[in-house]
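Given only the sequences and the hints, what does the whole structure look like? Please build it.
Chain order of the listed sequences is P and B. So the first sequence is numbered by full-length UniProt numbering: it starts at 1 and just counts up by one. So the second sequence is numbered by full-length UniProt numbering: it starts at 1 and just counts up by one.
No lab work stands behind these hints, which were simulated from the structure alone. A few of these clues could be false.
To be verified - Chain P is nowhere near these chain B residues, computed Cβ spacing over 12 angstroms in every case:
(1) Lys7
(2) Gly149
(3) Leu170
(4) Ser171
(5) Ile174
(6) Thr190
(7) Thr195
(8) Ala234
As the list claims (entries may be wrong) - Below 25 angstroms or equal to it, Euclidean Cα-Cα: the simulated DMTMM-like pairs (lysine to aspartate or glutamate) are:
(9) P/Lys647 with B/Asp6
(10) B/Lys11 with P/Asp698
(11) P/Lys655 with B/Glu85
(12) P/Lys668 with B/Asp6
(13) B/Lys276 with P/Asp698
(14) P/Lys690 with B/Glu255
(15) P/Lys741 with B/Glu279
(16) P/Lys668 with B/Asp12
(17) P/Lys647 with B/Glu279
(18) P/Lys592 with P/Glu553
(19) B/Lys297 with P/Glu722
For glycine and all other residues, C-beta sits at the position ideal for the given N, C-alpha and C.
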Amino acid sequence: MSTKRKIVVSSDSDDDMPFTQEKQKKAATPAKKRTKPVVLTDDDEEEENAPQKKTAPKRSRKQEKEESDITSDEDELVRGTDEKKKRKGGKKELPVGQKTLDYMFKPSSSSSKRDDPKKKVEKTLVNPADFFKNSPAPSASKLPKVAPKTVEKPKTPAKKPVEISPSTKENTKTKKVSDDEFVDSDDSFDTFTPITVKKKTPEKRKETPKKKELPSVKKEFPKKQSIPVKKEKETPQKKALSVKKDPPKVTSESSSSSQVSTSSVVFQPKPSGPPPALSWVDKYKPKRMGELVGQNGDKSPINKLLEWIKDWAKHNLGEGAKIKKPKPAPWMSSQDGTSFKAALLSGSPGVGKTTCAYMACQQLGLQLVEMNASDVRSKKHLEAKIGELSGSHQIEQFFGAKKCAPQDNQKVHHILIMDEVDGMSGNEDRAGISELIQIIKESKIPIICICNDRQHPKIRTLANYCYDLRFPKPRVETIRSRMMTICSQEKMKIGKEELDEIIELSGHDVRQTIYNLQMRSKGVGAKINQKDMAVDAFSAARRLLDSRTTLMEKQEMFFTDYGIMPLFVQDNYLNMKNEKHSPIQAIRGIRKAADFISLGDLIDRQIRGGGSWKLLNEQSMISAALPAIATGGHLKAMIQFPSWLGKNSTAGKRKRLLQQLVQHTHLKVSAGTHSFATDYAPMLRQKITKPLLEHEADGIPDVISTMTEYDLIKDDTEALTEIVAWPGKIDPASKILSKVKASLTRTLNKTGRMLPYSMDSVSKGKKRGVNSIGIEMDEEGNLVEKFEDEDGESDNEDNEEKTTDVVIKVRTGGGAGASKSARGGRGGGRARGGRGSKK
Amino acid sequence: MALWVDKYRPKDLLGKDGVDYHIEQANHLKFLSADCMPHLLFCGPSGAGKKTRIKCLLRELYGVGVEKTQLIMKSFTSPSNKKLEIQTVSSNYHIEMTPSDVGIYDRVVVQDLVKEMAQTSQIESTSQRSFKVVVLCEADSLTRDAQHGLRRTMEKYANNCKIVLSCESLSRIIEPLQSRCIIINVPAPTDEDVTKVLRKVIERESFLLPENVLQKIVEKSEGNLRRAILMTEALRMENESGVAESVVIPVPEWEIYIQETARLILQKQSSDMLLKVRERLYELLSRCIPPTVIFKKLLEHLLPKCPPQIAREVVSEAAKFEHRLVLGQKAIFHLEGFVAAFMDIYLTNASKPK
Numbered sequence: 001m002s003t004k005r006k007i008v009v010s011s012d013s014d015d016d017m018p019f020t021q022e023k024q025k026k027a028a029t030p031a032k033k034r035t036k037p038v039v040l041t042d043d044d045e046e047e048e049n050a051p052q053k054k055t056a057p058k059r060s061r062k063q064e065k066e067e068s069d070i071t072s073d074e075d076e077l078v079r080g081t082d083e084k085k086k087r088k089g090g091k092k093e094l095p096v097g098q099k100t101l102d103y104m105f106k107p108s109s110s111s112s113k114r115d116d117p118k119k120k121v122e123k124t125l126v127n128p129a130d131f132f133k134n135s136p137a138p139s140a141s142k143l144p145k146v147a148p149k150t151v152e153k154p155k156t157p158a159k160k161p162v163e164i165s166p167s168t169k170e171n172t173k174t175k176k177v178s179d180d181e182f183v184d185s186d187d188s189f190d191t192f193t194p195i196t197v198k199k200k201t202p203e204k205r206k207e208t209p210k211k212k213e214l215p216s217v218k219k220e221f222p223k224k225q226s227i228p229v230k231k232e233k234e235t236p237q238k239k240a241l242s243v244k245k246d247p248p249k250v251t252s253e254s255s256s257s258s259q260v261s262t263s264s265v266v267f268q269p270k271p272s273g274p275p276p277a278l279s280w281v282d283k284y285k286p287k288r289m290g291e292l293v294g295q296n297g298d299k300s301p302i303n304k305l306l307e308w309i310k311d312w313a314k315h316n317l318g319e320g321a322k323i324k325k326p327k328p329a330p331w332m333s334s335q336d337g338t339s340f341k342a343a344l345l346s347g348s349p350g351v352g353k354t355t356c357a358y359m360a361c362q363q364l365g366l367q368l369v370e371m372n373a374s375d376v377r378s379k380k381h382l383e384a385k386i387g388e389l390s391g392s393h394q395i396e397q398f399f400g401a402k403k404c405a406p407q408d409n410q411k412v413h414h415i416l417i418m419d420e421v422d423g424m425s426g427n428e429d430r431a432g433i434s435e436l437i438q439i440i441k442e443s444k445i446p447i448i449c450i451c452n453d454r455q456h457p458k459i460r461t462l463a464n465y466c467y468d469l470r471f472p473k474p475r476v477e478t479i480r481s482r483m484m485t486i487c488s489q490e491k492m493k494i495g496k497e498e499l500d501e502i503i504e505l506s507g508h509d510v511r512q513t514i515y516n517l518q519m520r521s522k523g524v525g526a527k528i529n530q531k532d533m534a535v536d537a538f539s540a541a542r543r544l545l546d547s548r549t550t551l552m553e554k555q556e557m558f559f560t561d562y563g564i565m566p567l568f569v570q571d572n573y574l575n576m577k578n579e580k581h582s583p584i585q586a587i588r589g590i591r592k593a594a595d596f597i598s599l600g601d602l603i604d605r606q607i608r609g610g611g612s613w614k615l616l617n618e619q620s621m622i623s624a625a626l627p628a629i630a631t632g633g634h635l636k637a638m639i640q641f642p643s644w645l646g647k648n649s650t651a652g653k654r655k656r657l658l659q660q661l662v663q664h665t666h667l668k669v670s671a672g673t674h675s676f677a678t679d680y681a682p683m684l685r686q687k688i689t690k691p692l693l694e695h696e697a698d699g700i701p702d703v704i705s706t707m708t709e710y711d712l713i714k715d716d717t718e719a720l721t722e723i724v725a726w727p728g729k730i731d732p733a734s735k736i737l738s739k740v741k742a743s744l745t746r747t748l749n750k751t752g753r754m755l756p757y758s759m760d761s762v763s764k765g766k767k768r769g770v771n772s773i774g775i776e777m778d779e780e781g782n783l784v785e786k787f788e789d790e791d792g793e794s795d796n797e798d799n800e801e802k803t804t805d806v807v808i809k810v811r812t813g814g815g816a817g818a819s820k821s822a823r824g825g826r827g828g829g830r831a832r833g834g835r836g837s838k839k
Numbered sequence: 001m002a003l004w005v006d007k008y009r010p011k012d013l014l015g016k017d018g019v020d021y022h023i024e025q026a027n028h029l030k031f032l033s034a035d036c037m038p039h040l041l042f043c044g045p046s047g048a049g050k051k052t053r054i055k056c057l058l059r060e061l062y063g064v065g066v067e068k069t070q071l072i073m074k075s076f077t078s079p080s081n082k083k084l085e086i087q088t089v090s091s092n093y094h095i096e097m098t099p100s101d102v103g104i105y106d107r108v109v110v111q112d113l114v115k116e117m118a119q120t121s122q123i124e125s126t127s128q129r130s131f132k133v134v135v136l137c138e139a140d141s142l143t144r145d146a147q148h149g150l151r152r153t154m155e156k157y158a159n160n161c162k163i164v165l166s167c168e169s170l171s172r173i174i175e176p177l178q179s180r181c182i183i184i185n186v187p188a189p190t191d192e193d194v195t196k197v198l199r200k201v202i203e204r205e206s207f208l209l210p211e212n213v214l215q216k217i218v219e220k221s222e223g224n225l226r227r228a229i230l231m232t233e234a235l236r237m238e239n240e241s242g243v244a245e246s247v248v249i250p251v252p253e254w255e256i257y258i259q260e261t262a263r264l265i266l267q268k269q270s271s272d273m274l275l276k277v278r279e280r281l282y283e284l285l286s287r288c289i290p291p292t293v294i295f296k297k298l299l300e301h302l303l304p305k306c307p308p309q310i311a312r313e314v315v316s317e318a319a320k321f322e323h324r325l326v327l328g329q330k331a332i333f334h335l336e337g338f339v340a341a342f343m344d345i346y347l348t349n350a351s352k353p354k
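This is the structure in structure tokens:
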């Protein structure tokens with residue numbers, strides 16, 4: 001009897017749970033099945049939301065939930081009493097065994113009747129595992145019932161009515177006792193259904209609260225989306241909790257202690273099962289300041305961030321806000337953050353920027369709101385969601401909701417974290433950065449922006465309004481110590497050199513290093529993929545010419561920039577030397593390399609001229625990889641920028657000058673570009689410079705005569721000097737006296753005007769008109785004499801002059817302006833070309 | 001005052017002012033200057049007188065008026081909307097230009113210009129020639145596309161427009177163009193021809209030149225009459241009073257530079273020396289000395305100094321790299337390859353035990 005009484009006491013404690021479940025079923029009218037998992041989900045949500053009690057709207061929501069629970073409980077209590085009365089009446093009417101079954105069918109609908117037998121079958125199948133997993137407390141009471149049934153089943157079926165008789169005896173004794181027993185039997189049936197129903201519809205029930213809350217707040221979406229992941233992670237915690245709950249029962253009941261121990265034995269192997277993938281990165285996420293990688297020292301980014309947040313209220317709230325603070329110089333924006341309302345954490349991926357932001361808020365006990373790349377962050381959304389949050393209006397709402405005494409408004413209680421701000425682009429986040437800047441200007445709370453690419457144009461705009469905190473890549477030693485801690489906890493053995501190699505291959509990315517370690521722990525032979533990093537042309541050229549790289553690596557480096565790599569190789573292969581080589585070996589290697597480079601130029605011509613781009617692989621071998629190998633040496637000097645580019649530019653300029661010279665002299669010279677460069681140019685330059693050197697001012701007429709004959713202008717003479725001058729040779733033109741040069745220039749300017757006069761010398765009639773000017777007459781007189789001398793020397797010039805006479809006669813008859821027409825007629829194109837070039 | 005090379009240039013195919021050599025060929029050209037003149041392709045080395053003969057031919061066709069020429073800058077637009085400018089020498093009867101001045105866009109220039117010239121015909125065909133002449137200089141620098149573009153154009157406008165091509169190497173003209181032209185081969189003048197011309201020039205200039213000096217000039221000019229006359233005039237400028245028999249013939253600066261480069265190559269064969277040689281080669285290329293000329297001069301100065309047993313191999317390497325030079329587009333790669341190959345051959349031979 002004492003044992004029976006104990007069982008009764010435990011059943012009383014169990015009664016509370018099923019009662020609440022029954023009430024909830026009735027409360028939720030749409031479907032009885034779905035109400036049961038709601039209970040569990042509510043409990044889970046409460047547990048999960050507890051650590052996240054950082055925002056006011058969440059607190060208000062929790063209160064609402066509590067109120068709804070209370071109301072539902074009251075309704076269920078009322079209905080519960082009704083159910084009990086119905087059950088008593090039913091028992092009296094029908095036989096003992098059949099009565100219980102009939103009562104179950106009547107309250108449910110016709111559809112539920114059909115489903116009942118199926119449920120029974122399912123319940124029996126699922127019973128033991130479900131009991132152990134979901135509800136350890138009721139499993140204790142159920143175990144004794146289940147055990148005798150299994151024992152008795154192999155015996156004859158006649159014994160079953162015997163079991164029913166003791167229950168009837170108890171009924172006759174006291175009504176209260178009989179009520180408890182009936183409740184127990186009902187509980188057994190009720191407890192089965194919620195287990196099966198929960199499994200079927202857990203996802204559906206989870207979705208409904210999300211849908212309801214969608215219109216109210218969008219901020220919480222990412223957190224709720226992450227809830228399923230968290231639940232999966234927390235299942236081992238639940239197992240631990242269930243194990244912990246068992247000990248008090250063991251102390252209370254010696255008979256049930258053995259049963260509880262068996263259940264605990266069943267639990268143990270499951271936690272030791274394989275953990276879910278990617279667990280190390282989250283498992284070893286830093287939980288204390290000391291666990292952050294590369295954040296030691298007073299000037300580390302996180303310490304700067306902490307100081308900035310501590311002093312934020314002093315500078316931006318109350319009296320501090322009224323004082324205008326000058327913006328620091330750009331190079332000081334990372335040292336002094338007093339004038340900034342926002343901070344910008346920038347750095348490469350995997351260095352712990354977001355973790356530092358969370359750690360700082362946790363350290364200072366602040367509540368944070370996060371918006372990251374999964375949120376819509378366009379101008380409108382930012383205005384609607386963050387505008388209120390960053391203003392003091394939100395604080396008042398928060399106070400009003402709690403109905404507490406208003407707190408000190410001179411302190412900071414919230415922080416807004418904008419994660420991945422360099423992703424605020426595209427249609428969804430249009431104008432988000434500019435709106436974010438506006439919010440920062442008017443903000444009443446600190447704002448932390450986190451990005452990877454600080455040089456992005458949009459981020460540079462934002463950086464002007466932010467306290468610039470740059471996160472450098474941690475050093476190998478710093479990462480190594482943290483990785484060693486993780487390896488020791490995971491009981492994974494790895495050498496120091498191997499670990500350093502993994503860190504280097506991961507590009508000093510802490511996240512990727514942990515991934516690689518976890519991958520390696522599953523298989524020692526697994527290869528670690530090197531992190532893809534952008535390589536510039538100089539680094540690629542250095543790796544290409546490094547004797548330690550493989551042929552495949554050299555080819556990869558070639559494709560960094562397949563246009564300029566052959567030039568890098570051509571410029572630097574002569575600096576690849578090997579002390580062990582004899583002079584013959586060295587020159588032989590150089591010959592092979594030069595041969596490959598020369599052959600590569602033909603392939604390059606085919607690729608660009610003929611469009612045979614499929615030859616790029618061949619070019620990578622012949623232009624880059626094979627010459628680097630052929631020399632057999634090491635590149636010890638600095639990488640030289642390809643000088644071919646500069647030399648080609650110089651050659652192009654000189655070629656244009658040469659073409660201009662050929663064009664100006666084309667009426668007289670019948671040479672092409674190359675013949676002019678090799679034969680004519682030296683002679684012409686000597687013809688121009690030698691009279692000035694030997695006769696100084698007296699040589700000017702000869703020079704002018706040559707320039708006039710070949711229609712050269714002063715710029716052409718300078719071009720001649722540039723083309724003909726050679727390094728190591730003294731330029732003869734540099735010896736010409738400056739006054740002689742000035743005199744030549746003056747005479748050249750005069751000569752422009754004297755051209756028609758030389759023609760007038762041929763036409764005697766026009767000499768008289770010019771006689772009035774004495775000075776020009778004198779010069780003209782000299783020129784006239786020279787022309788006469790020339791006439792006497794050669795017959796060809798006589799022919800030329802005759803032709804000009806004919807032209808002059810024809811054109812003078814044409815109209816007014818005889819002198820102008822004479823200019824046009826003299827020498828035909830030569831005169832025109834000369835005058836045009838001079839102008 | 002004009003240089004002697006331009007002052008004493010022939011103006012007629014025959015007669016007193018006619019060309020001084022290849023007289024029989026001049027007769028053929030005179031015969032060709034009838035109404036049935038075909039397209040012509042002049043080929044020959046530099047300094048042989050190709051352009052002089054083209055000018056004499058034009059004078060034969062159109063008379064003295066063809067000499068009234070002017071420089072005109074013509075603009076063209078390529079299919080990629082790039083504006084091209086090229087200078088042409090034009091008269092009423094002909095137009096002359098060098099299409100390679102515009103680089104790889106020469107096809108546009110050639111086609112547009114020929115069509116522009118050819119789409120109009122002469123009005124008075126009785127008193128004038130029924131065609132105009134387009135002279136394309138440096139035709140061997142035309143790209144393949146430009147040469148292919150000329151094929152149909154030459155046939156289609158043959159009645160209105162005659163095309164005269166001038167090139168140094170016939171192998172770079174595609175076969176279809178060669179078959180549409182009459183090839184006028186203008187070989188280099190012989191030493192006797194050069195001597196005769198030089199004597200005539202110095203006689204008119206009253207320049208007393210010893211006979212042995214004259215022969216030295218003829219040898220150094222290597223059949224290039226332009227160079228021969230220019231060297232003679234340079235000698236006159238340096239020795240105004242008189243020329244002694246022991247005088248040194250002046251050599252162009254670029255040839256001296258190449259000579260010094262060859263001396264450096266023979267001095268030491270190592271990567272450091274090759275770096276110095278590379279700098280000198282860059283200087284030559286940037287002053288518009290043709291790479292083929294550099295190859296030839298370098299080989300000329302290297303061969304006399306190296307042992308006879310490796311001469312064949314050296315010449316073979318020079319030919320190989322010069323061939324690649326024509327096929328490629330970066331001259332320094334191939335010049336450097338040749339120098340490296342020569343250094344290896346020379347050093348290997350020098351290290352062999354005798």
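Comparing the hints with the structure gives:
no.	hint	result
1	Lys7	violated (7 angstroms)
2	Gly149	holds (16 angstroms)
3	Leu170	holds (16 angstroms)
4	Ser171	holds (18 angstroms)
5	Ile174	holds (16 angstroms)
6	Thr190	holds (20 angstroms)
7	Thr195	holds (19 angstroms)
8	Ala234	violated (6 angstroms)
9	P/Lys647 with B/Asp6	violated (34 angstroms)
10	B/Lys11 with P/Asp698	violated (34 angstroms)
11	P/Lys655 with B/Glu85	holds (15 angstroms)
12	P/Lys668 with B/Asp6	holds (7 angstroms)
13	B/Lys276 with P/Asp698	violated (43 angstroms)
14	P/Lys690 with B/Glu255	holds (21 angstroms)
15	P/Lys741 with B/Glu279	violated (33 angstroms)
16	P/Lys668 with B/Asp12	holds (16 angstroms)
17	P/Lys647 with B/Glu279	holds (10 angstroms)
18	P/Lys592 with P/Glu553	holds (21 angstroms)
19	B/Lys297 with P/Glu722	holds (22 angstroms)
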